[in-house]
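Dock chain B against chain A, hints included.
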Amino acid sequence: ELKVEQNPLFLSMQEGKNYTIYCNYSTTSDRLYWYRQDPGKSLESLFVLLSNGAVKQEGRLMASLDTKARLSTLHITAAVHDLSATYFCAVDAGTSYGKLTFGQGTILTVHP
Amino acid sequence: GAVVSQHPSRVICKSGTSVKIECRSLDFQATTMFWYRQFPKQSLMLMATSNEGSKATYEQGVEKDKFLINHASLTLSTLTVTSAHPEDSSFYICSASIREEQFFGPGTRLTVL
Numbered sequence: 001e002l003k004v005e006q007n008p009l010f011l012s013m014q015e016g017k018n019y020t021i022y023c024n025y026s027t028t029s030d031r032l033y034w035y036r037q038d039p040g041k042s043l044e045s046l047f048v049l050l051s052n053g054a055v056k057q058e059g060r061l062m063a064s065l066d067t068k069a070r071l072s073t074l075h076i077t078a079a080v081h082d083l084s085a086t087y088f089c090a091v092d093a094g095t096s097y098g099k100l101t102f103g104q105g106t107i108l109t110v111h112p
Numbered sequence: 113g114a115v116v117s118q119h120p121s122r123v124i125c126k127s128g129t130s131v132k133i134e135c136r137s138l139d140f141q142a143t144t145m146f147w148y149r150q151f152p153k154q155s156l157m158l159m160a161t162s163n164e165g166s167k168a169t170y171e172q173g174v175e176k177d178k179f180l181i182n183h184a185s186l187t188l189s190t191l192t193v194t195s196a197h198p199e200d201s202s203f204y205i206c207s208a209s210i211r212e213e214q215f216f217g218p219g220t221r222l223t224v225l
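From first to last, the protein sequence lines are chains A and B.
Going by this note's numbering, the first residue of the first sequence is number 1, and it counts up by one from there.
Going by this note's numbering, the first residue of the second sequence is number 113, and it counts up by one from there.
Read the hints as simulated data drawn from the structure, not as lab findings.
Check each hint, because a few of them may be wrong.
[Stated by the list, open to error] Have a look at the derived ranges for each label pair, beta carbon to beta carbon:
1) A:Thr20 / B:Gly128: 45 to 51 Å
2) A:Glu5 / B:Ser195: 33 to 39 Å
3) A:Gln57 / B:Val115: 24 to 30 Å
4) B:Phe140 / A:Ala78: 32 to 38 Å
5) B:Thr223 / A:Ser45: 25 to 31 Å
6) A:Gln57 / B:Ser195: 46 to 52 Å
7) B:Asn182 / A:Gln57: 37 to 43 Å
8) A:His75 / B:Thr143: 34 to 40 Å
Nothing here was measured: the structure is a model prediction, and the numbers come from that model.
Backbone N, C-alpha and C fix where the C-beta goes; we use that ideal spot for every residue, glycine too.
Bound conformation, chain A alone (with noise of 0.2 Å):
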């Protein structure tokens, strides 16, 4: 059974700061994505991750994957209060798309 991990659950930040949140899975995949949910929305895509190494950055936002440690990391730098959010990695190992098994989620607060 596969299963994705984040770290931290719970992270509080100041304005300007950076922090890396880790989601680990215990599987073979190369397929990793990110998102961000807001309070009673859905979910708004940020990263897919498709390969090992693969790097890619919006904004503040950067994520990683190492598909060989089965590690993905989602790097926010000079954090401002609008990344108040909850950030969620998943993982797809299905032999077809689209069949995604979620990390506990890392709910981020951001303040002055």
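Just chain B now, kept in the frame of chain A:
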């Protein structure tokens, strides 16, 4: 990008009634759609895979007779929660994929009184 819609966005029903939730792919065809459930302050859990023209595949622990899935066309999947009870109250989210890209619907919040 591709859009997935859900209807209704919010529903409140009495215990014992049935509720139908629709998931539509608006600008693409989806032979497969996925239904997830998210309880408050928890992660998303896959409930079932909806297959156009054939039976849905349910995840372990999900009662197929309680959560009826119909995928009668390439753009529509429906999830019917039969004889709903308060413990079925949750946020239901569907998704569809175009190759490796996943597109999530806006979700349906079900409250069973």
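Is the hinted range of 34 to 40 Å satisfied by the C-beta distance from histidine 75 of chain A to threonine 143 of chain B? About 36 Å separates the Cβ atoms of histidine 75 of chain A and threonine 143 of chain B, which means 34 to 40 Å holds.
Is it true that the C-beta distance of threonine 223 of chain B to serine 45 of chain A lies inside 25 to 31 Å, as the hint says? About 27 Å separates the Cβ atoms of threonine 223 of chain B and serine 45 of chain A, which means 25 to 31 Å holds.
Has the hinted range 32 to 38 Å been met by the Cβ atoms of phenylalanine 140 of chain B and alanine 78 of chain A? holds, 37 Å
A range of 33 to 39 Å was offered for this pair. Does it hold for the Cβ distance of glutamate 5 of chain A and serine 195 of chain B? About 35 Å separates the Cβ atoms of glutamate 5 of chain A and serine 195 of chain B, which means 33 to 39 Å holds.
Do the Cβ positions of glutamine 57 of chain A and serine 195 of chain B conform to the proposed distance bound of 46 to 52 Å? holds, 48 Å
Verdict for asparagine 182 of chain B, glutamine 57 of chain A (Cβ pair) under range 37 to 43 Å: The hint (37 to 43 Å, Cβ to Cβ) holds, given that asparagine 182 of chain B and glutamine 57 of chain A are roughly 41 Å apart.
In this structure, is the beta-carbon distance linking threonine 20 of chain A and glycine 128 of chain B contained in 45 to 51 Å? At 48 Å between Cβs, range holds.
Is it true that the C-beta distance of glutamine 57 of chain A to valine 115 of chain B lies inside 24 to 30 Å, as the hint says? This hint holds: roughly 25 Å between Cβ atoms.
Comparing the model with each earlier hint shows no violations; every hint is respected.
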